[in-house]
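Protein chains: 2
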Amino acid sequence: GAAPAIVQAQAQVRWRLASSFPKSLDTIFGAADVFAKKVSEMTGGKFQVSVHAGGEIVPALQVVDAVQAGTVEIAHTAPYYFFGKDETFALGCAIPFGLNSRQMTAWMVEGNGLKLMRDFYRNYNIISFPGGNTGAQMGGWYRKEIKSIADMKGLKIRIGGFAGRVVERLGAVPQQIAGGEIYSALEKGTIDAAEWVGPYDDQKLGFNKVAPNYYYPGWWEGGPQLDFFINTKAYDSLSAEYKAVVEAASALAHVEMQARYDAKNPAALKQLVGSGTKLFKFPKDVMEAAFKESMAIYAELSAKNPNWKKVYEDYANFRRDQNLWFRFAEAGFDDFMQNQKL
Amino acid sequence: GAAPAIVQAQAQVRWRLASSFPKSLDTIFGAADVFAKKVSEMTGGKFQVSVHAGGEIVPALQVVDAVQAGTVEIAHTAPYYFFGKDETFALGCAIPFGLNSRQMTAWMVEGNGLKLMRDFYRNYNIISFPGGNTGAQMGGWYRKEIKSIADMKGLKIRIGGFAGRVVERLGAVPQQIAGGEIYSALEKGTIDAAEWVGPYDDQKLGFNKVAPNYYYPGWWEGGPQLDFFINTKAYDSLSAEYKAVVEAASALAHVEMQARYDAKNPAALKQLVGSGTKLFKFPKDVMEAAFKESMAIYAELSAKNPNWKKVYEDYANFRRDQNLWFRFAEAGFDDFMQNQKL
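Protein sequence lines, in the order shown, are assigned to chains A and B. Counted from 1, the first sequence has number 307 at position 279 by our numbering; the numbering is strictly sequential. Counted from 1, the second sequence has number 64 at position 36 by our numbering; the numbering is strictly sequential.
Everything labelled a hint here was simulated from the structure, so no lab data went into it. What you are looking at is a predicted structure, and each value in this text was computed from that prediction instead of being measured. Careful: at least some of the hints might be erroneous.
Copies of the same chain look alike in the list, so a pair counts if it fits in one copy or across any two.
Stated by the list, open to error - Below, a list of computed lysine-lysine pairs in the DSS-like style, where the Cα atoms sit at most 27 Å apart: (1) K338 - K369; (2) K338 - K172; (3) K65 - K271; (4) K298 - K271; (5) K292 - K338; (6) K337 - K369; (7) K261 - K65; (8) K337 - K298; (9) K232 - K74; (10) K292 - K143; (11) K143 - K298; (12) K292 - K337; (13) K172 - K298; (14) K232 - K172; (15) K232 - K271; (16) K309 - K369.
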């Protein structure tokens, strides 16, 4: 039951959150809104986080610098955007042939993931909280069919960051193109292919109209995690209560974002297929060559980047064990269900 | 930055939580501890939830009655335990050939699941919050191998609640036996088989020593969700802040429990296999017969239980769409990874 009210003091806090995403991506961008709303609700409006889309305060891909410098207190981003600073950032988000969504969360929350990544992020005055996952992404839109590894030769493909290093070794030519310009490049044939996220987000950008072949799986993003990056000084200045509020609001946003993608992707996929999109699985030799090159890159990185080596060793062990286990109960169940008439 | 402290009043609240689980199940029982700890942290100790194991205040399987009557403010349980009151309870947890863990969360959080189940639970003075998932469970321990549907005939199997109705139609004889007594029944041969949860929990009970054949998948529990059941009057008496605190703490416990199972199952499975456990996939004809009987039962229930019909219709549509989508990016990625040497 409720005892009489007591008097208590709790500070007013105002934070600015810089997102790396545009408002149009209601799934990814939305996680920051969910976080801010819940923090406010839990504190009776005393702890306010204003959410700003990419470019509003700082450019989308400079949010790490902004948090590091304390220009903003918090960012919501995909850590792998910053692999140019240090490849280790990618391990906190997604690497080709990495962990899937559930495995990533398990590594973070119950494995050593969060601890190891926080040790690393501390170099950037950052403390991180998992803040969403897209689930396994699609492998993108191709003007022509990819029938074997030979078709990757010279293929100009718009592809996110780290994965570019792998497709390069397969003979493709990775392109960095901002979201808003992909459609026109693909339409004109300046590029041959483009990957974005999955059915729900991809449909909005209309890629199906100019490149009908939709490939899966997005082997470079099996379960990319988004993070809330908080300036350590801003975080340390919070009360113990507010620290717990930040943690729980992040967890709620984490659950919500994956749920939103899972709930929204099926209808988008149906509409895409209904309007002529052709679904293809990547040829086995493409997958195998990409896997081999990825593992070679990871070994090279381990030899030259001690930050990477420390985290990747733990990540790789966890990935091995997870796949050993998931193949039985999880895959056995899913595989059967996916083959039933429901 | 932090503005000067202001004075604010927030009530002292003391709740008792009745868990349906013993303390020894640190994964499931642990979710209630995680919830209580986080609620306390977020409120500076003003909102306290004391956590009681099954049987401590009320018997493990009577927690719904206790919350309904207001004997306790909150319970942590697996809703399908209460399918005897109304089969609809099972839809809030797991039914044979139902949703997997991620799909269940998506249905709850972004689909109509939480809304529909709350409409139903209101009849019991309950408001629910998702509070964990075990992931796909294993299919249990068998003294003899199951080579085809014929081997199910007369099989005495300890199996949880609702699934008993299905195996009965396959000719097996379901047994209700409490956790602590399963081992001895299996050892003596009073029963031929027993299912519990998965490697991590099963290993503690030592079933591998008396029944070496370990089957997968647990088709009756593809992603059972645990819930926090809160007495509506107790919930309504909370401030808006505390209501949000309850919601966010549940989300955090929800993430944590699935992560804990995922992180702990692989090592347990390796140890079990290392000590002689033999892993088998259920024969195809067993799976197919069980699927067919399950669908028949659901159709029968829809004809006679309007509560079931209303919720199941939405659940089944969601399940169909989820499996349509998951077979591409998710399964394509997982299947490849599970077949690599990692």
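Intra- versus inter-copy proximity for K74 and K232 (alpha-carbon distance at most 27 Å): Classified as neither; 36 Å inside a copy, 46 Å across copies.
Same-copy or cross-copy closeness of K292 to K337 [CA-CA at most 27 Å]: Between copies, since 24 Å is at most 27 Å while 37 Å is not.
Homo-oligomer pair classification [K298, K143; C-alpha up to 27 Å]: between (40 Å within a copy, 25 Å between copies)
Copy assignment of K337 with K369, given that the CA separation must stay at most 27 Å: between (46 Å within a copy, 20 Å between copies)
Intra- versus inter-subunit Cα pairing at 27 Å for K338 with K172: So K338 and K172 fail the 27 Å test inside a copy (41 Å) and across (45 Å) alike.
Identical-chain pair category, K292 with K338, by Cα at 27 Å: between (37 Å within a copy, 22 Å between copies)
Homo-oligomer pair classification [K271, K232; C-alpha up to 27 Å]: neither (37 Å within a copy, 35 Å between copies)
27 Å Cα threshold - placement of K65 relative to K261: Both. Shortest intra-copy (22 Å) and inter-copy (25 Å) distances satisfy the 27 Å Cα cut-off.
Alpha-carbon proximity context of K309 and K369, limit 27 Å: The answer is both: 21 Å in one copy and 21 Å across copies each meet 27 Å.
Identical-chain pair category, K338 with K369, by Cα at 27 Å: between (46 Å within a copy, 21 Å between copies)
Within, between, both or neither: K232, K172 at alpha-carbon 27 Å: Only inside one copy: K232 and K172 sit 21 Å apart there, 54 Å across copies, limit 27 Å.
Intra/inter-copy verdict for K298 and K271 if alpha-carbon distance must be at most 27 Å: neither (42 Å within a copy, 38 Å between copies)
Of the hints listed earlier, those the structure fails to meet are numbers 2, 4, 9 and 15, in rising order.
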